[in-house]
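**Q** So the chains spell out like this:
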Amino acid sequence: MRNSAVTESNQRLMSDNDQATTEFVQLLTESQRSLFYYIHSLIPNRTDADEVLQETNLVLWREYERFEMGTNFKAWACTVALNQVRAFTSKRRAKRPHFDTDTMMLISERQERRSAYLQHRLDALENCVQKLPERKREFVEQRYRQGVPVENIADEMGSSVDAVYKMLHRIRETLHACVDRTLSHEGVGSNDPA
Amino acid sequence: MTQRERFNELRDAFLDGVASPAETEELQRLLHSSDEWLDDYIEHANQDAALIWNGIPNRPSPTVHPTTSAAGTSRFVRYMPLIAASLLFVAAVGWEWMTLKPRSVATILSSTDCHWGTGTLPTTVGQELTSGRLRLISGIAELQFPHATVSMEGPVDIELISAERCRLHSGSIVGSVSDGGEGFVVETPRAEITDRGTKFGVFVDNVGDARLDVLEGKVDVKHTKTGRQLTLEGASRAFASVHALETFAPKKEGEDQQNAMTPTTLDKVLHISSAYGDGDEGDVTSGERREGDSFPTPDHVLLVKRADSEPHWNRKAFIRFDLQGLEISELSGVELRLEGVHTRMGYTSLLPDSTFHIYGVKPEHNTDWNSQTLDRSNFPGRKLKTHKLDPDKVQLLGEFVIPQSKPQGQFVIADPRLQQFLQDNLGSTPTLVITRLTSVNQTQSYVHGFASRTHPTASPPTLRLHVKQTVSN
Numbered sequence: 001m002r003n004s005a006v007t008e009s010n011q012r013l014m015s016d017n018d019q020a021t022t023e024f025v026q027l028l029t030e031s032q033r034s035l036f037y038y039i040h041s042l043i044p045n046r047t048d049a050d051e052v053l054q055e056t057n058l059v060l061w062r063e064y065e066r067f068e069m070g071t072n073f074k075a076w077a078c079t080v081a082l083n084q085v086r087a088f089t090s091k092r093r094a095k096r097p098h099f100d101t102d103t104m105m106l107i108s109e110r111q112e113r114r115s116a117y118l119q120h121r122l123d124a125l126e127n128c129v130q131k132l133p134e135r136k137r138e139f140v141e142q143r144y145r146q147g148v149p150v151e152n153i154a155d156e157m158g159s160s161v162d163a164v165y166k167m168l169h170r171i172r173e174t175l176h177a178c179v180d181r182t183l184s185h186e187g188v189g190s191n192d193p194a
Numbered sequence: 001m002t003q004r005e006r007f008n009e010l011r012d013a014f015l016d017g018v019a020s021p022a023e024t025e026e027l028q029r030l031l032h033s034s035d036e037w038l039d040d041y042i043e044h045a046n047q048d049a050a051l052i053w054n055g056i057p058n059r060p061s062p063t064v065h066p067t068t069s070a071a072g073t074s075r076f077v078r079y080m081p082l083i084a085a086s087l088l089f090v091a092a093v094g095w096e097w098m099t100l101k102p103r104s105v106a107t108i109l110s111s112t113d114c115h116w117g118t119g120t121l122p123t124t125v126g127q128e129l130t131s132g133r134l135r136l137i138s139g140i141a142e143l144q145f146p147h148a149t150v151s152m153e154g155p156v157d158i159e160l161i162s163a164e165r166c167r168l169h170s171g172s173i174v175g176s177v178s179d180g181g182e183g184f185v186v187e188t189p190r191a192e193i194t195d196r197g198t199k200f201g202v203f204v205d206n207v208g209d210a211r212l213d214v215l216e217g218k219v220d221v222k223h224t225k226t227g228r229q230l231t232l233e234g235a236s237r238a239f240a241s242v243h244a245l246e247t248f249a250p251k252k253e254g255e256d257q258q259n260a261m262t263p264t265t266l267d268k269v270l271h272i273s274s275a276y277g278d279g280d281e282g283d284v285t286s287g288e289r290r291e292g293d294s295f296p297t298p299d300h301v302l303l304v305k306r307a308d309s310e311p312h313w314n315r316k317a318f319i320r321f322d323l324q325g326l327e328i329s330e331l332s333g334v335e336l337r338l339e340g341v342h343t344r345m346g347y348t349s350l351l352p353d354s355t356f357h358i359y360g361v362k363p364e365h366n367t368d369w370n371s372q373t374l375d376r377s378n379f380p381g382r383k384l385k386t387h388k389l390d391p392d393k394v395q396l397l398g399e400f401v402i403p404q405s406k407p408q409g410q411f412v413i414a415d416p417r418l419q420q421f422l423q424d425n426l427g428s429t430p431t432l433v434i435t436r437l438t439s440v441n442q443t444q445s446y447v448h449g450f451a452s453r454t455h456p457t458a459s460p461p462t463l464r465l466h467v468k469q470t471v472s473n
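Here the protein sequences come in this chain order: S and G.
Going by my numbering, the first residue of the first sequence is number 1, and it counts up by one from there.
Going by my numbering, the first residue of the second sequence is number 1, and it counts up by one from there.
Please note: incorrect hints may appear among the correct ones.
Derived pair list, reagent style DSS-like, types lysine-lysine, alpha-carbon separation capped at 30 Å [claimed, not checked]:
1) G:Lys199 x S:Lys91
2) S:Lys95 x G:Lys218
3) S:Lys91 x G:Lys225
4) G:Lys362 x G:Lys388
5) G:Lys225 x S:Lys74
6) S:Lys95 x S:Lys166
By construction, these hints were calculated from the structure, which means they are not laboratory data.
Only chain G is shown next, with the shape it has when bound in the complex:
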């Protein structure tokens, strides 16, 4: 038998599902040895798939084309059954996904000195967890997936997706995978990391940049934006920013963990979100009433509104950042980033482009507040016997505008007053207040919303600090 004949035999056996493990191994070796055979395999596999596909019933037809404006009603009507069938398919898919959700994906194996933040999952040891979000503010906790153990070092914000997949929104984890766990995936905002039987650490900072440290074994990493893919082996490291995925040389002897934790020291930018340390956030309504079941407020959103005709519905948002222990002597620049999210409360069309004010609560009036107890009678910077801010207790740090047409998306505020305020409050936990300046005498005008630190997809309020000079640790 010639090698070609042997290849054909192996290829067909594999495609027919009757190849043994040894034959599969032999076929793999041949595929790696020649592009000609690789092409032949792909062509035959595609040919088989086409012959199968043409006969599979009940699949949505692949021939739905977008109805362009030029397409007449009759064409739309002709495609209606197809579109309806496809929508049913999607609905079925969505349903299946929802019914799959409650399935247990991991267990909390242990927790040490854990201070849990607001997440969507229970946090007791031994608890079986379904897919959902966990926030660990401080301490160390271990999650046991079926074939992988993940240690979280607070602060961590992690989302459990399935038994083989999680998404690290921010913070550090160390993963180790047992036999059969190859293929465990850690998604990060900039890159996807696929374990190939190993131990590895991942750190995601507050803007989503990720660092991967392979401690043992092999890991694949794929950059989300460029699609660049790398395989890291042994003690090695990669760094994924928005635009690039870079590898670093293996760690030099003597390089300690402290250095490993701060690979971004070169760019001297720190990101502090309201989820970090003693950070906190909340909003207050000026009137007594809060919405009940008949008009529920959205979750995970900080609400801001001003309507002089209905002052009892005015709302302010409070955000505290933890700038303690940063050991920064001077800031060269500061940005506050807020992510607007749709609240579906009221109507944007009833409101023009809106101006917002950012205030800082003067340090002497920055009371010790927390999101659980914050209300209209005890917020920091309050004017006595009112539910308003006291101009003497706060200072204006900047303003920004949200267009009527786009209340969602990133809003970045950079103002010398904000910079100076934060410079003066380094080493403490300053509180910022967001209010809306724009008011309309119109009921049902829109309530603006900003993602809170518990929002499942949008970014929490974040300070981006450009550090002029750092004191070495």
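Chain S with its partners taken away, still in its complex shape:
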């Protein structure tokens, strides 16, 4: 009788722990992509954004006990991320010029207000990438997915660095316009409330 009570109690303790870890893992995993997008909008460099994301994850893990279940994890995580971006830039670890705090706050707040609309855009993007001509898709693959430096792509293509940047610009605009058209067909307006 006593043993069974002890076992039950043990199991309960263990399952409480497991449950908390599992919940944290789920919340963290689900938020990784949007956290990266958020950080990248403030500090648009793959390596820097990655580093800040990792630091944000550390803080979230460390502070998880303080997080109130049922409140908005993503909003909390974004606040942590914003602080980490600011710490990152203030320490001058960002090798490139970066925005000041006012601009970061401006971007952050605007992004939060329009998060639903931005999500629609992201949903439409994949299809637009598929519609790109083969050569441009290959370029997206190299430049974005593989992170090949512009100089290397220029070498490989036998063109100038400047020409590669122009191509990058055209692809950006093509994709942006394609997403605009898709949302317009779907009746999603840019002024829709978030």
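Got chain S; can you put chain G on it based on the hints?
**A** Then chain G, alone, in the frame of chain S:
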């Protein structure tokens, strides 16, 4: 080139990482001037991020969904590799955090008349400090972070988190930040303060309410609960309570430091924790034995137990509060707040809901004790030749119940007897004793625990005194 074309050029250069500082500055100005361009920038930045993200390998997939009770075993099994990978990721993150911890984050620059409390860090001048907790009971000490100096005025309870971040649990600090230190963060229980190149003071009282005084320059303050954010500039002040973040007008000429230290005089509530002044705390076990390595006791916890079948394991907790020099003539209300924490000693399921008694040691029997020397043979209120409390030396001030299912959390005791006892002991250092009335004849029954003043996250034993009348300082 039209302005639109110029914006596109700047935006792309910034996103490609090739913008110069001047171009970045120009882009910032444009972003502030038009929502249309701001939206355009965000849309393009997000688009770039999505294109990058889809190709980054070895990231945990963002598609793990909670397994609901409706989800069958097969679905769980299907997600097992993902969950395992995520757990490994979290474990790696945790490991990285642990291996990062020993890194030096600050140095003790100076200390004057310092009486240090129990913390987790060394307290010698020149000592490099890793992340951890410092408690200064009295005196003034200065901490040097890489780009910020923080002066602590005892009593202070502060946690060093990193070279750019600390958490003020209670007490006063003054921070000044040198070039490159913008972004230094002081966390408080109610608000987070981010320095933007300035000098500022922060005071956190024993329930966590915070006051921020900007002395020079600019400071951002964000309220934890509401998310409200403010930027304070010049000589200005904000006050963060549980529910609100308020600003105050700049200090009037002639307003002295004394007033600045007591912004809460209006609500006439004082919080005195066992960490304040000559406060102290400790617990004693009735038997000779204390747990050894085979059964370690938790740190930073005051233990309380009663088991009549094993009286040698009975435990009592003693808490002393410093009510000297408060200049209060009358109390209109009193609460004692204790925070229960899990001890993992014994099993709660072997014990019903438990009743606890709070006793006050009568002033004439309140011996001069301290946590270092407190033991079963010398605690205040002891009955001679026993290890029990003497009913003639203590008086019952109240009782409270801790449910079997929830030994952790805040327990608040308000009782007219407690109020009267403290009223009678104003100006002295009364000792309270906590004992458990509930006993079971069962080995391995649960040992209750209350956060001590050194607990890293939970609140220390605290008196909340409602003051009817204060004598002006």
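**Q** Hint by hint, say whether it matches the structure.
**A** Here is how each hint holds up against the structure:
Annotation: proposed proximity of Lys199 of chain G to Lys91 of chain S holds, straight-line Cα distance about 18 Å (limit 30 Å). Using a Cα cut-off of 30 Å, the hinted pair Lys95 of chain S and Lys218 of chain G holds, with the two alpha carbons roughly 25 Å apart. At roughly 28 Å between alpha-carbon atoms, Lys91 of chain S and Lys225 of chain G fall within 30 Å of each other, so this suggested pair holds. Between Lys362 of chain G and Lys388 of chain G the CA atoms are separated by roughly 15 Å; this keeps the pair inside 30 Å, and the hint holds.
As the CA atoms of Lys225 of chain G and Lys74 of chain S are separated by approximately 15 Å, the hinted pair is consistent with the 30 Å bound. For a cut-off of 30 Å, the pair hint linking Lys95 of chain S to Lys166 of chain S stands: about 24 Å separates their Cα positions.
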